[in-house]
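Please work from the sequences and hints to get the whole structure.
If you read the sequences in order, they're chains Z and F.
Its first residue numbered 0, the first sequence is counted upward by one per residue in numbering that gives the first Met the number 0.
Its first residue numbered 0, the second sequence is counted upward by one per residue in numbering that gives the first Met the number 0.
Don't take each hint at face value.
Since copy identity is lost for identical chains, a pair holds within one copy or between any two.
The list that follows gives simulated cross-link-like pairs (lysine to any residue, SDA-like), each with its CA atoms no further than 25 Å apart [claimed, not checked]:
| # | residue 1 | residue 2 |
| --- | --- | --- |
| 1 | K46 | D21 |
| 2 | K4 | T23 |
| 3 | K46 | R56 |
| 4 | K4 | H121 |
| 5 | K46 | A76 |
| 6 | K116 | G170 |
| 7 | K119 | I29 |
| 8 | K46 | L25 |
| 9 | K116 | D51 |
| 10 | K116 | P168 |
| 11 | K46 | Q27 |
| 12 | K4 | Q163 |
| 13 | K6 | E52 |
| 14 | K4 | M92 |
| 15 | K46 | G171 |
| 16 | K46 | R128 |
| 17 | K4 | V61 |
| 18 | K46 | Q18 |
| 19 | K116 | I165 |
| 20 | K116 | E172 |
Hints in this document: simulated from the structure, not taken from any laboratory.
There are 2 protein chains.
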Amino acid sequence: MIDTKQKILDTAERLFGHQGFDATSLRQIISGAGVNLAAIHYHFGSKEELLDELVTRKATPVNDERLAMLDRALAMAGEGPLAIEPVLEAFLMPMAVLGPSTGRVMGRLLAEGLMPKLAKRHFGDVIQRFRSALERSLPHLTPEELGWRMHFMMGSLALTMSGQPIFVPGGGEGVDLAERLRCLVTFLSGGFRAPGSR
Amino acid sequence: MIDTKQKILDTAERLFGHQGFDATSLRQIISGAGVNLAAIHYHFGSKEELLDELVTRKATPVNDERLAMLDRALAMAGEGPLAIEPVLEAFLMPMAVLGPSTGRVMGRLLAEGLMPKLAKRHFGDVIQRFRSALERSLPHLTPEELGWRMHFMMGSLALTMSGQPIFVPGGGEGVDLAERLRCLVTFLSGGFRAPGSR
DNA sequence: GTCTATACTGAGATAGAC
DNA sequence: GTCTATCTCAGTATAGAC
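Structure follows, in structure tokens:
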């Protein structure tokens, strides 16, 4: 069947999102997808490459939307000063279109430290564009301090996408991703705007 | 030998810190520690309980120092307003005493989502004390929004303790933990101080 | 080209001898 | 307390059916 590959991807996405990458076995995936174990290695080569393809498929439209929103923010600012909020919105809000499963996958990956490998392949130029925009918005920061703040942002984002918000009364289950991300934009705007610490 | 247990703990801490929990096998640990495989299950019961004991041993002094610093901050503030910085410093700076290995372990745990289980056991009352202090510092926030911001903070902290800072020129390897954490305090102060988003 | 059956190595866990 | 042997299940590799 032509959609064996698709069934594997769908099932893997769901299980990775719920249980994490390491905790999900290929045998769980094939059982859920109703395919043979070796089909995974035929179509993808390995468990890690399956993950890689999953990320590529989901990340591409998100990154396109990120850059489109960033371009609009830059056009609006013109030659004048560039506020942080629209830059952060451009980076973060497009993730809201990811379903809960994909969101959890992305967050898990960031969190499990698997991202460094994938990041350069899939996000390299996007990150570069946003770093430039942030440099323009925040000229008071050294490159090192800006790098750290971007690092902090990725950490917050990771837990926001993946984790159970154990500090939020009610577990935050009723709060959809877009609202979480708006809350995060507010928080990060304040953080980025803080004076340099050295 | 009485210190079989200690040798296992030391080696596990080092390997978990460098490779993460999932990526470290018990057989790597016993080979590094020079003990038998079954010794781990005799002394700890399982791989996860080994981790649990590791966390307990390292977290207890950190949490004690956190509460001591928080008490000092509350005493300094008296009846007046309570600034955010000393509260965040009390929560974050005690982690600087953790060596790089333990720091990575802690960060990994936060990031791998293993913390929710461990958190309630080891950090429950500490978190409660700090939530109260933050509520006093930031009366303009709803309980939900404060919860989200604490969640964001844990995400940033996790990546700060564990991850390679890929956005920092030079990889940030020369920057010690205390300086990273000071940088994080500045950032988070700005974030927590941001106006409520709803 | 696609998929199945099966086997290989290494993981965590356990029972029982010493 | 410690060690050997063994169990199940993980990811992986390959030979061959259609």
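Intra- versus inter-subunit Cα pairing at 25 Å for K46 with R128: Classified as neither; 31 Å inside a copy, 43 Å across copies.
Within, between, both or neither, where K46 and A76 count as close if Cα-Cα is 25 Å or less: Neither: 44 Å inside a copy, 54 Å across copies.
Within, between, both or neither: K46, Q18 at alpha-carbon 25 Å: Cα proximity of K46 and Q18: in one copy and across copies (15 Å, 18 Å).
Intra/inter-copy verdict for K116 and G170 if alpha-carbon distance must be at most 25 Å: For K116 and G170, the Cα distance is within 25 Å only across copies (15 Å; inside one copy 32 Å).
Alpha-carbon proximity context of K4 and T23, limit 25 Å: So K4 and T23 pass the 25 Å test inside one copy only (18 Å; across, 31 Å).
25 Å Cα threshold - placement of Q163 relative to K4: neither (30 Å within a copy, 33 Å between copies)
Intra- versus inter-subunit Cα pairing at 25 Å for K116 with I165: For K116 and I165, the Cα distance is within 25 Å only across copies (11 Å; inside one copy 29 Å).
Within, between, both or neither, where K116 and D51 count as close if Cα-Cα is 25 Å or less: Within one copy only: 10 Å inside a chain, 29 Å across chains, cut-off 25 Å.
Up to 25 Å CA-CA - D21 versus K46, copy category: both (10 Å within a copy, 15 Å between copies)
Alpha-carbon proximity context of K116 and E172, limit 25 Å: between (31 Å within a copy, 18 Å between copies)
Intra- versus inter-subunit Cα pairing at 25 Å for K6 with E52: within (13 Å within a copy, 41 Å between copies)
Alpha-carbon proximity context of K119 and I29, limit 25 Å: Classified as neither; 29 Å inside a copy, 35 Å across copies.
In the structure shown, a violation is registered for the earlier hints numbered 5, 7, 12, 14, 15 and 16, in ascending order.
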